[in-house]
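Undergrad: What follows is the residue order along each chain.
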Amino acid sequence: MTTGTSGLDTFPKLLLHHSRERGERPAIREKNRGIWRTITWRELGEEAAALAVAASERGLQRGAHVALLGDNRPRLYVAMCAAQWLGAIVVPLYQDATADEIATSIQRAQVTHVFAENQEQVDKLLEILPRCPTVRCIVYDKDRGMRHYKQPQLVSYDALLQEGRELAAQKPDFLQGEVASGKGEDSAFLFFTSGTTGPAKGVVLAYAALIDRARLAAAIGELKDTDVAMAYLPPGWIGQILFGYVQPMVVGYCICCPESPDTMLSDMREMGPTYLLVTPRVLEALLKQVSLRIEETGGFKQWLYRSCMAVGARMSEQRLAGKAVSVGDRVLSLASDLLIRGPLRDMLGMSKVRVAYSASDAIDPDLLMFFRTLGINLKQLYGSTETGFFVAMQRDGVIKPDTVGAPLEGVELKLTPQREILVRSPGLFREYHADSEMTARAKNAEGWFHTGDAGDLDQDGQLRIIDRMAYVGALKDGSPYAPRVIENKLKFLPYIREAVVFGDGRDMVCALIDIEMAAAGRWADRQGVSYIGHADLAAHDEVYALIADCIAKVNAQLASEPLLAQSQIHRFTILGRELSADDGALTRTGKLRRHVIAEQYRALVDAMYSGHAGVRFGAEPDEVKIRDAKVTAPAQTRKVA
Amino acid sequence: MTITVPSSILQSAERAFPFGPPVLELESISLRFGGVQALTNISFNVLEHEVRAIIGPNGAGKSSMLNVINGIYVPQEGSITVAGERLSEMTPTHAAHLGIARTFQNIALFRGMSVLDNIMAGRILRTHATFLEVALQLPRARREETENRAVVEEIIEFLEIEHIRKTPVSRLPYGLQKRVELGRALAAEPKILLLDEPMAGMNIEEKQDMCRFILDVNDHYGTTVVLIEHDMGVVMDISDRVVVLDYGKKIGDGTPDEVRSNQDVIDAYLGVAH
Numbered sequence: 001m002t003t004g005t006s007g008l009d010t011f012p013k014l015l016l017h018h019s020r021e022r023g024e025r026p027a028i029r030e031k032n033r034g035i036w037r038t039i040t041w042r043e044l045g046e047e048a049a050a051l052a053v054a055a056s057e058r059g060l061q062r063g064a065h066v067a068l069l070g071d072n073r074p075r076l077y078v079a080m081c082a083a084q085w086l087g088a089i090v091v092p093l094y095q096d097a098t099a100d101e102i103a104t105s106i107q108r109a110q111v112t113h114v115f116a117e118n119q120e121q122v123d124k125l126l127e128i129l130p131r132c133p134t135v136r137c138i139v140y141d142k143d144r145g146m147r148h149y150k151q152p153q154l155v156s157y158d159a160l161l162q163e164g165r166e167l168a169a170q171k172p173d174f175l176q177g178e179v180a181s182g183k184g185e186d187s188a189f190l191f192f193t194s195g196t197t198g199p200a201k202g203v204v205l206a207y208a209a210l211i212d213r214a215r216l217a218a219a220i221g222e223l224k225d226t227d228v229a230m231a232y233l234p235p236g237w238i239g240q241i242l243f244g245y246v247q248p249m250v251v252g253y254c255i256c257c258p259e260s261p262d263t264m265l266s267d268m269r270e271m272g273p274t275y276l277l278v279t280p281r282v283l284e285a286l287l288k289q290v291s292l293r294i295e296e297t298g299g300f301k302q303w304l305y306r307s308c309m310a311v312g313a314r315m316s317e318q319r320l321a322g323k324a325v326s327v328g329d330r331v332l333s334l335a336s337d338l339l340i341r342g343p344l345r346d347m348l349g350m351s352k353v354r355v356a357y358s359a360s361d362a363i364d365p366d367l368l369m370f371f372r373t374l375g376i377n378l379k380q381l382y383g384s385t386e387t388g389f390f391v392a393m394q395r396d397g398v399i400k401p402d403t404v405g406a407p408l409e410g411v412e413l414k415l416t417p418q419r420e421i422l423v424r425s426p427g428l429f430r431e432y433h434a435d436s437e438m439t440a441r442a443k444n445a446e447g448w449f450h451t452g453d454a455g456d457l458d459q460d461g462q463l464r465i466i467d468r469m470a471y472v473g474a475l476k477d478g479s480p481y482a483p484r485v486i487e488n489k490l491k492f493l494p495y496i497r498e499a500v501v502f503g504d505g506r507d508m509v510c511a512l513i514d515i516e517m518a519a520a521g522r523w524a525d526r527q528g529v530s531y532i533g534h535a536d537l538a539a540h541d542e543v544y545a546l547i548a549d550c551i552a553k554v555n556a557q558l559a560s561e562p563l564l565a566q567s568q569i570h571r572f573t574i575l576g577r578e579l580s581a582d583d584g585a586l587t588r589t590g591k592l593r594r595h596v597i598a599e600q601y602r603a604l605v606d607a608m609y610s611g612h613a614g615v616r617f618g619a620e621p622d623e624v625k626i627r628d629a630k631v632t633a634p635a636q637t638r639k640v641a
Numbered sequence: 001m002t003i004t005v006p007s008s009i010l011q012s013a014e015r016a017f018p019f020g021p022p023v024l025e026l027e028s029i030s031l032r033f034g035g036v037q038a039l040t041n042i043s044f045n046v047l048e049h050e051v052r053a054i055i056g057p058n059g060a061g062k063s064s065m066l067n068v069i070n071g072i073y074v075p076q077e078g079s080i081t082v083a084g085e086r087l088s089e090m091t092p093t094h095a096a097h098l099g100i101a102r103t104f105q106n107i108a109l110f111r112g113m114s115v116l117d118n119i120m121a122g123r124i125l126r127t128h129a130t131f132l133e134v135a136l137q138l139p140r141a142r143r144e145e146t147e148n149r150a151v152v153e154e155i156i157e158f159l160e161i162e163h164i165r166k167t168p169v170s171r172l173p174y175g176l177q178k179r180v181e182l183g184r185a186l187a188a189e190p191k192i193l194l195l196d197e198p199m200a201g202m203n204i205e206e207k208q209d210m211c212r213f214i215l216d217v218n219d220h221y222g223t224t225v226v227l228i229e230h231d232m233g234v235v236m237d238i239s240d241r242v243v244v245l246d247y248g249k250k251i252g253d254g255t256p257d258e259v260r261s262n263q264d265v266i267d268a269y270l271g272v273a274h
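Chains as they are written, first to last, in UniProt numbering: chain A, 1 to 641; chain B, 1 to 274.
Hints in this document: simulated from the structure, not taken from any laboratory.
There could be a bad hint or two in this list.
[Said to hold, decoys possible] Part of the chain A face toward chain B, derived, beta carbon under 7 Å:
#, residue
1, R33
2, G177
3, S260
4, D262
5, T263
[Stated by the list, open to error] Here are the simulated lysine-lysine pairs, BS3-like style, with alpha carbons at most 27 Å apart:
#, chain 1, residue 1, chain 2, residue 2
6, A, K288, B, K166
7, B, K166, A, K352
8, A, K171, A, K183
9, B, K166, A, K142
10, A, K476, A, K553
11, A, K224, A, K31
12, A, K301, B, K191
13, A, K553, A, K400
14, A, K476, A, K625
15, A, K625, A, K288
16, A, K400, A, K352
17, A, K288, A, K400
18, A, K625, A, K591
19, A, K630, A, K553
20, A, K31, B, K166
21, B, K191, A, K142
22, A, K124, A, K288
23, A, K142, A, K124
[As the list claims (entries may be wrong)] Chain B residues, not near chain A, derived (Cβ > 12 Å throughout):
#, residue
24, A16
25, V151
26, I266
Glycine residues also receive a C-beta, built at the ideal position from the N, C-alpha and C atoms.
Please model the entire structure based on the sequences and the hints provided.
TA: The structure is reproduced here in structure tokens:
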């Protein structure tokens, strides 16, 4: 960590510090028109200053809220710097949010200024403008298609920057003064949580909380200003802001914006990030791509892949268990690294990754181990928006796949008798925006925050997360039930994209399955099964047989674990269409909204439990099929029902 | 089938590029193949910065008309005036030098080459380095390559095909191949863009995308567009003026509304008892 950072308690101060200390080093790289272009810390500082002074001329005031609506582009980050320069609070929104979702956020935060990436986002904003009278100014970045827009609120980023560059030269004192009047305890961001259990809540975080957590995590990860990270997750999510803005501000490393979401993998290969934040969903998608391609190669290559991965898996297990590795195994491991694991790491753009964290949701231990076997130092990270993201993380040398690691320095943990995790930490949020009642319910007078997650601490003091409190329950016979563990095991399989299991208070566990179209589609091609689209494929008996096999495998795994043996899946059905965020079944970060799904598919779930073989569901023309799955008993195998 | 185009695009009451003088005039064109009369005494003009459609039922002579403009067929009678220059005989090469670029009804890309290389091929008329200079990578060849690549990258961004830049064309779905072909035509920085059934064989989503790109090209670069289409709905939505052909004769000419209410056009499309 850099020395002399004690007075640097806001991001604008840190930005100025970096533009002095490492002015010519890259701050942001962006692939544009096929070429990587660099913005140095000095340029970032100058552009942010110019934008800030121009925004101030257009009425942006200290303590006002500025919404950001767009993908990871350098200008989004410049706008973030500029807003905070003036002491405004930044409200990053999900770029794929619908107009109504955006309207709700803007109304609740009383946003006055909005940064929008392009015409698509501006269209959404103009649609809701009559409902959002607080919005005074919309700054848009890309001018394509914007020629015919004449609304008085609109101004292009280029025009604003031009204005600002002239003004900045005249008013250096104003800019200096604005930076100096910012303090660590000021509010920096207002995030709207993903809202798995209810409507989104506006979480207010102060500079001090974010900078404190980021410094600590940076020290543990031994981050340096030569590190490189990819900015590819939605900026509306706190994880992206921490890894793409807060930590770079603290450490001075460089972030890279891919050309488009579709080119992410090849862009990542070109830049070779050393520090990486991933979500279980991203990892699942990568694993599915790898499995799919391996399935399509010849027998020898498959054999080679499997043997090399087996060697790697054995090695990483031995290492994690702290056992010595024999010379023979070392040689084998080296060979497997040269033949398969190294090239695969390179294909995934992860050959330079020094440390990677998986956050946002529980990860299946097998999924984690797959990437560790590849030789990627992937670790778990636990935290939420309200806790400043960094609560617990796995440390090198003491990684247990089923825990999220030990609490970070400064974090106090407490478990209620119902096993809810309570957190007290310097990284805690200040409040829920304009909702003191809700704040008081979540954070008690002594500063303990109710995370809503159930978990326990093992004998080494490592934290294990079970599930959301709201979802942890018991089957009718009293055996414990937590849906996420089962779902993660299902999602580990290549043909299953999403799974929703039911069982709380029921006599058995049933599952809704959403198939992975790419994998299942290719499987169908190979089997000569013809189909028209998703719904058609999902209804095929062959696909049901395929999924039944997958579930039987998962059931066998569950049977081997005493606590989970009763949670084997007895019945399942395949959904005719994807669960998606647009109809509310998922959050924008891709987590399940169980209450919405339970409501949407109530008839189907009831039918599964009442034992009907098929049911007509909603407006769908075809009969939805329901099938029994093979359940494994510890001693013998039997077919149930 | 009707195609809806986002209303934001159609709000072009205030055009970025107002209509200019005619850039293309066709006078009394007649084309015969032996005894077959493909086109009979057809005249119409295309204004600068206009989107002009040629429509008609199958076999009406639409593609023949385009091939005449492009210089592939030489009409027995009539003349073509391009940007004030009156020509009795047009050749494809001459057309290209006059700033006319085109796409084809049956995609005519280099199938084994990448998207990038295909679009780079569209820069051929803007390349002056000789074969030897290119082979030896002499300064002029290198400079031109860089300049061309910059133009091509702009087009790739414009058409939103960054993710398939290095993909061989043969591996792309049909709708994307059509888009690449449009990209190659744009690479020539044409004054007039001829599109031969740009939306044939596409699904609704692909058609919407293509409509948007055609309008964007016209709006952003000011390119004059002449397009052939047999899908009436699409044409009416995106064209400024429409020529209607039937059995090689012009039966209608005017704005989409005028054409829609023209009895001859209705008869040709809906059929009429003879």
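Undergrad: The structure should be examined with respect to each hint, and the outcome stated for every one.
TA: For each hint, the structure was consulted:
1. R33: This hint holds: A:R33 lies near chain B, its Cβ roughly 4 Å from the closest one there, short of 7 Å.
2. G177: violated, 40 Å
3. S260: Since the shortest Cβ distance to chain B is 5 Å, the answer is holds.
4. D262: At about 3 Å, which falls below the 7 Å cut-off, the nearest Cβ of chain B leaves the hint on A:D262 intact, so it holds.
5. T263: At 5 Å from the nearest chain B Cβ, A:T263 passes the 7 Å test, so the hint holds.
6. A:K288 - B:K166: holds, 23 Å
7. B:K166 - A:K352: Since the Cα atoms of B:K166 and A:K352 sit roughly 24 Å apart, the hinted pair holds (cutoff 27 Å).
8. A:K171 - A:K183: Measuring from Cα to Cα gives roughly 21 Å; hence the hint holds.
9. B:K166 - A:K142: The hint holds at about 25 Å.
10. A:K476 - A:K553: holds, 24 Å
11. A:K224 - A:K31: Roughly 23 Å between the alpha carbons, so the hint for A:K224 and A:K31 holds.
12. A:K301 - B:K191: The hint is violated at about 53 Å.
13. A:K553 - A:K400: holds, 23 Å
14. A:K476 - A:K625: holds, 25 Å
15. A:K625 - A:K288: holds, 26 Å
16. A:K400 - A:K352: The given pair, whose Cα atoms are some 23 Å apart, holds under the 27 Å limit.
17. A:K288 - A:K400: holds, 24 Å
18. A:K625 - A:K591: Roughly 25 Å separates the two Cα atoms, so the pair holds.
19. A:K630 - A:K553: With a Cα-Cα distance of about 9 Å, the restraint between A:K630 and A:K553 holds, given a limit of 27 Å.
20. A:K31 - B:K166: Holds, at roughly 15 Å.
21. B:K191 - A:K142: With a Cα-Cα distance of about 25 Å, the restraint between B:K191 and A:K142 holds, given a limit of 27 Å.
22. A:K124 - A:K288: Violated, at about 34 Å.
23. A:K142 - A:K124: holds, 15 Å
24. A16: violated, 5 Å
25. V151: violated, 10 Å
26. I266: holds, 33 Å
Checked against the numbered hints given earlier, the structure breaks hints 2, 12, 22, 24 and 25 and satisfies all the rest.
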